[in-house]
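Participant: Sequence:
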Amino acid sequence: MKIDYKKYSLLQLEGILMEVSQEIEERKKLEAESIRQKIENLLQESGLSLDDVYTEKDMGVRSNKVPMKYRHPADPLIQWSGRGKMPIWMRDLIEQGATKDDFLIRD
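Counting from 24, one number per residue, gives the positions in the sequence shown under this note's numbering.
No lab work stands behind these hints: they were computed from the structure. Keep in mind it's a predicted model, so treat the numbers as computed, not measured. Hints are supplied without guarantee of correctness; some may be wrong.
Derived lysine to aspartate or glutamate pairs resembling EDC-like cross-links, with alpha carbons at most 20 Å apart [unchecked claim]:
#1 Lys-25 <-> Glu-46
#2 Lys-52 <-> Glu-68
#3 Lys-108 <-> Asp-124
#4 Lys-92 <-> Asp-124
#5 Lys-25 <-> Glu-49
Each pair of labels, with its calculated beta carbon distance range [to be verified]:
#6 Asp-125 <-> Val-89: 12 to 22 Å
#7 Ala-55 <-> Gly-107: 52 to 62 Å
#8 Ile-128 <-> Ser-69: 43 to 53 Å
#9 Ser-57 <-> Lys-88: 29 to 39 Å
#10 Lys-52 <-> Asn-87: 29 to 39 Å
#11 Glu-63 <-> Met-24: 46 to 56 Å
Built from N, CA and C at the ideal position, the CB exists for glycine as well.
With the hints as constraints, model all of the structure from the sequences given.
Facilitator: Right under this line is the structure:
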């Protein structure tokens with residue numbers, strides 16, 4: 024179905040867009056509720072729970088945290104694992120003459 028939008032004013036098009044956006048959101052909610060209900064019914068029929076079906080790994084939950092490798096010299100609560108982008112505090116202190124080894128956690 025092709026609609027000729029050129030015949031509508033900007034105000035009318037914005038109104039159409041708003042109505043369509045609201046309808047899409049409403050349908051998403053209804054679809055999600057329908058799927059949720061189907062899942063609940065399947066779980067009840069099988070006698071299983073979501074925890075039985077999905078493990079933490081399935082849910083994207085990480086079980087092991089990366090140990091912290093570096094610590095801010097003035098505030099020991101500020102730490103960095105050494106992964107990802109270097110924190111600003113460390114970059115600034117290195118620019119002032121410190122080295123990464125100065126911040127190593129040696130415990």
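Participant: Does each hint fit the structure? Answer for all of them.
Facilitator: Status of each hint after checking the structure:
1. Lys-25 <-> Glu-46: The hint holds at about 19 Å.
2. Lys-52 <-> Glu-68: Distance of about 24 Å is beyond 20 Å: violated.
3. Lys-108 <-> Asp-124: holds, 17 Å
4. Lys-92 <-> Asp-124: Holds - the C-alpha atoms of Asp-124 and Lys-92 are around 10 Å apart, at most 20 Å.
5. Lys-25 <-> Glu-49: Distance ~23 Å between Lys-25 and Glu-49 Cα, so the pair is violated.
6. Asp-125 <-> Val-89: 12 to 22 Å: holds, 21 Å
7. Ala-55 <-> Gly-107: 52 to 62 Å: For Gly-107 against Ala-55, whose Cβ atoms are near 33 Å apart, the range 52 to 62 Å is violated.
8. Ile-128 <-> Ser-69: 43 to 53 Å: For Ile-128 and Ser-69 the Cβ distance comes to about 48 Å; the hint holds.
9. Ser-57 <-> Lys-88: 29 to 39 Å: Given about 37 Å between the Cβ atoms, the range holds.
10. Lys-52 <-> Asn-87: 29 to 39 Å: Roughly 36 Å apart at Cβ, these two residues keep to the hinted range, so it holds.
11. Glu-63 <-> Met-24: 46 to 56 Å: violated, 36 Å
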